[in-house]
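K.L.:
In the order they appear, the protein sequences are chains A and B.
Every position in the first sequence, counted from 1, becomes a number in the working numbering once 68 is added.
Every position in the second sequence, counted from 1, becomes a number in the working numbering once 1262 is added.
Don't read these hints as lab results, they were simulated from the structure.
Worth double-checking, as some hints may not be accurate.
Stated by the list, open to error - Derived lysine to any residue pairs resembling SDA-like cross-links, with alpha carbons at most 20 Å apart: (1) K1288/B with F126/A; (2) K1288/B with M1306/B; (3) K1288/B with L106/A; (4) K1288/B with L120/A; (5) K1288/B with A179/A; (6) K1288/B with L186/A; (7) K1288/B with T1335/B; (8) K1288/B with Q1441/B; (9) K1288/B with L107/A; (10) K1288/B with R81/A; (11) K1288/B with L1415/B; (12) K1288/B with P151/A; (13) K1288/B with M1468/B; (14) K1288/B with I1384/B; (15) K1288/B with A135/A; (16) K1288/B with A114/A.
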Amino acid sequence: MTEARHERAPGDRPTREMQAWAPSEFLVYTIGLFVALLLTATSFWAANTTLLWPGGVFLGLAVLAIAQMGIHLVFFLHVTTGPESTNNVLALAFGVLIVFVVVAGSMWIMADMNQNMLMPSAGPMNMRMQH
Amino acid sequence: MNIAIAVDDIPQEALTGASEAGPAPKRAVVAYGFWIFLLSDIVMFSALFASYAVLVRSTAGGPTGAQLFNQVTVAIETGCLLVSSYTCGLMSLAINSRRRLGTYSGALITFALGAAFLTLEIREFASMIAIGATPERSAFLSAFFTLVGCHGLHVTLGLIWLVVMMVQVAVMGFVPAVQRRLLCFSLFWHALDIVWVALFTVVYLMGVSP
């Protein structure tokens, strides 16, 4: 009983007392493998098909990749919403925030600067660049 | 200090929260520390992803991704890494129930698939360099080799780690310290697979699709 009250180590399965019915661990990994394979195959198909509107393929690929990362986290790394893995999930959420800020921020700023370089306007930024 | 003695006197059943149950088991503390390291590693990868995304069009008249990448190789690499992540999970089940044969065979398959992934990646790099697509050719290729090469380096380190762990299992058996290290290894290996999912989507699929 006291075991279940502690924080669970990341990557460990939830203890059996926490759940009324827990699938066998082998089954969890196998389900994860098949769902991940399905998502991977869909990604490769979407990147190569001509059936889909090309503009939507990028978004679709991004959604499929994020879904697959979620599958890996839940089925392979056993991240749950249970109270015994609060610390793990909070650390993960902070990591995801930093990743998002770095990637989206870099792309946004660099695209904006590219645009300023290509189309000179009377903005203060470009005035400074011309000197 | 009176308080400390008083806490010790409370029967275990009366405790209600994690903070009152005493220090967490060492397995949870060690794995949590490694979890923080993995997240910082992923933040480092995000910087490489960001630089790749910014520089992907800067080919300087050199070859583009669509001309260089071979999707069949990438699909095989992806399959290798995904199945090795699965066998690594099965290995950790064998470790938890202290089955030596299952641990060794799981480690062997994981190592073989990881080595196959690495071989394919090195051959891909060699064939690109052979046709003049070297890292110094363009900013796009610099970013590509840095990002994919950094992941490949992580896989190499993981393979070395796996061999070291199998030697430790053979010599020391399933003592708690070895079990904690094996837990950290499986976290590392699964995290590498998660990075690869982002990598093959951003670099290979988005780079090739029209």
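K.L.:
State for each hint whether it applies.
P.N.:
Hints, one by one, checked against the model:
1. K1288/B with F126/A: 44 Å, violated
2. K1288/B with M1306/B: The given pair, whose Cα atoms are some 27 Å apart, is violated under the 20 Å limit.
3. K1288/B with L106/A: 37 Å, violated
4. K1288/B with L120/A: Violated: K1288/B and L120/A sit about 51 Å apart, past 20 Å.
5. K1288/B with A179/A: Status violated; Cα separation ~47 Å.
6. K1288/B with L186/A: 57 Å, violated
7. K1288/B with T1335/B: Roughly 42 Å separates the two Cα atoms, so the pair is violated.
8. K1288/B with Q1441/B: 11 Å, holds
9. K1288/B with L107/A: 36 Å, violated
10. K1288/B with R81/A: Holds: K1288/B and R81/A sit about 16 Å apart, inside 20 Å.
11. K1288/B with L1415/B: Violated: K1288/B and L1415/B sit about 29 Å apart, past 20 Å.
12. K1288/B with P151/A: 19 Å, holds
13. K1288/B with M1468/B: Distance ~43 Å between K1288/B and M1468/B Cα, so the pair is violated.
14. K1288/B with I1384/B: Given that 20 Å is the threshold and the Cα spacing comes to 39 Å, the pair is violated.
15. K1288/B with A135/A: Distance ~32 Å between K1288/B and A135/A Cα, so the pair is violated.
16. K1288/B with A114/A: 45 Å, violated
The structure does not agree with the numbered hints 1, 2, 3, 4, 5, 6, 7, 9, 11, 13, 14, 15 and 16 stated previously, though it agrees with the rest.
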